[in-house]
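Asks: In the order they appear, the protein sequences are chains A and B. If you read the first sequence in the numbering used here, its first letter stands for residue 1, the second for the next number, and so on. If you read the second sequence in the numbering used here, its first letter stands for residue 1, the second for the next number, and so on.
Treat each hint with caution, since some may be false.
Okay, the calculated bits of chain B under chain A, using three or more residues with CB under 8 Å as the criterion [stated by the list, open to error]:
hint, stretch
1, 37–45
2, 105–114
Computed Cβ-Cβ distance ranges for the label pairs, DEER-style [as the list claims (entries may be wrong)]:
hint, chain 1, residue 1, chain 2, residue 2, range
3, A, Val12, B, Leu56, 43 to 49 Å
4, B, Ser70, A, Leu116, 47 to 53 Å
5, A, Ser84, B, Val83, 25 to 31 Å
6, B, Ile51, A, Asp73, 40 to 46 Å
7, A, Glu79, B, Ser26, 34 to 40 Å
Keep in mind that the hints were calculated from the coordinates and are not lab data. Everything numeric in this text was worked out from a predicted model, so none of it was measured. Note that beta-carbon positions come from the ideal geometry of N, C-alpha and C, so glycine has one too.
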Amino acid sequence: DAGITQSPRHKVTETGTPVTLRCHQTENHRYMYWYRQDPGHGLRLIHYSYGVKDTDKGEVSDGYSVSRSKTEDFLLTLESATSSQTSVYFCATAGLAGGFSYNEQFFGPGTRLTVL
Amino acid sequence: AQSVAQPEDQVNVAEGNPLTVKCTYSVSGNPYLFWYVQYPNRGLQFLLKYITGDNLVKGSYGFEAEFNKSQTSFHLKKPSALVSDSALYFCAVRDDSSASKIIFGSGTRLSIRP
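Pulled out of the complex, with its shape left as it was, chain B reads as follows (with noise of 0.2 Å):
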């Protein structure tokens, strides 16, 4: 069955640092996956897909993630951090079992330090 997971609960960062939140996934299929973002007190906002092609996606906000089929691996990166990034990240994959659902990661936190 297919799965993700967020081996991190949290990561913290400083201010103009690079940043990485992890994902890993395990899909029977072509793994479609998706990162999201979580402002406090709001719904979630979708950041970024991968579906095909190149495996650096480039998202909102100046995200990116750089999927890798080797390492099944599909982390979300920014080359320089801001406070405001300061929020929950869940990376999500598609169900197999059903083309019209996906299955959520439990979260990572991320904290960006002044």
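In isolation and in its complexed conformation, chain A is listed as follows (with noise of 0.2 Å):
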């Protein structure tokens, strides 16, 4: 998995409690994302950083903060957890070679979050 690790792996939360997921990358890529998926619906992007504390919203941002302080780790938040966030999350990184676009992503095991 090109040297990404999320943790924790598995989580189950009650609604309305903060949630913290983690992703950590050694291979010192420039972008790094945070995927959801769900059935029916592929993966979808949450938030993605194109470097140090640089971030945008992907197309499923409501509810969900990011924060990227160094190039190998990129955290995501959700404030107040609720039941349509429980979901597989995928963390991803790209590397910048080129031309960024033609860069393939890798991708991390996944965090299966539960919120009850």
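Build the complex: two chains, separate frames, hints provided.
Replies: Given below as structure tokens:
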């Protein structure tokens, strides 16, 4: 998985509690992404980062925030978890080489989050 | 706006037979296309990509994909399926609004029967 780890791998929490998921990479990739995967929806982008402290929203960013204080770590926070945020969350990274749009993404193993 | 469609939720193939997983796309500029595979309880793995050049792109695990500009398609193929190819396959296209993002299709589940 290209040196990408996610923690925790599984989490069960209650509605209204804050949750933080961590993605750590050892590839020195510039770009990092958070996706959620739900049946029938494929992967949907939540937030992404194009450098340290540089982040932007994806298509399903409501209820989520991110932070990237160093190249290797990208945190996803659910400020107040809701049942609709029950999902599998994937982190991905992509390097910069020539035209960055050409670069494939590498994925972590995923975090299964259940919000009761 | 750019988009990618995978018209089949599931494809069933007998081991040893050729397989095709279909993908069509819509983009405003030049298409940059990708295929990924996801095995159970794993993250996605990159298989291959088309940027420019030959219409037949070769990738990992014996897979290849055929880019067809007139039909706006990028079908994934393999000459002889293996049971171990059973997985979820995603087609993706670069997002024209931000070159560092890609948009995924909804996925096709490939099932290879022995």
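Asks: Going through the earlier hints one by one, which of them does the structure break, listed in rising order?
Replies: 5, 6
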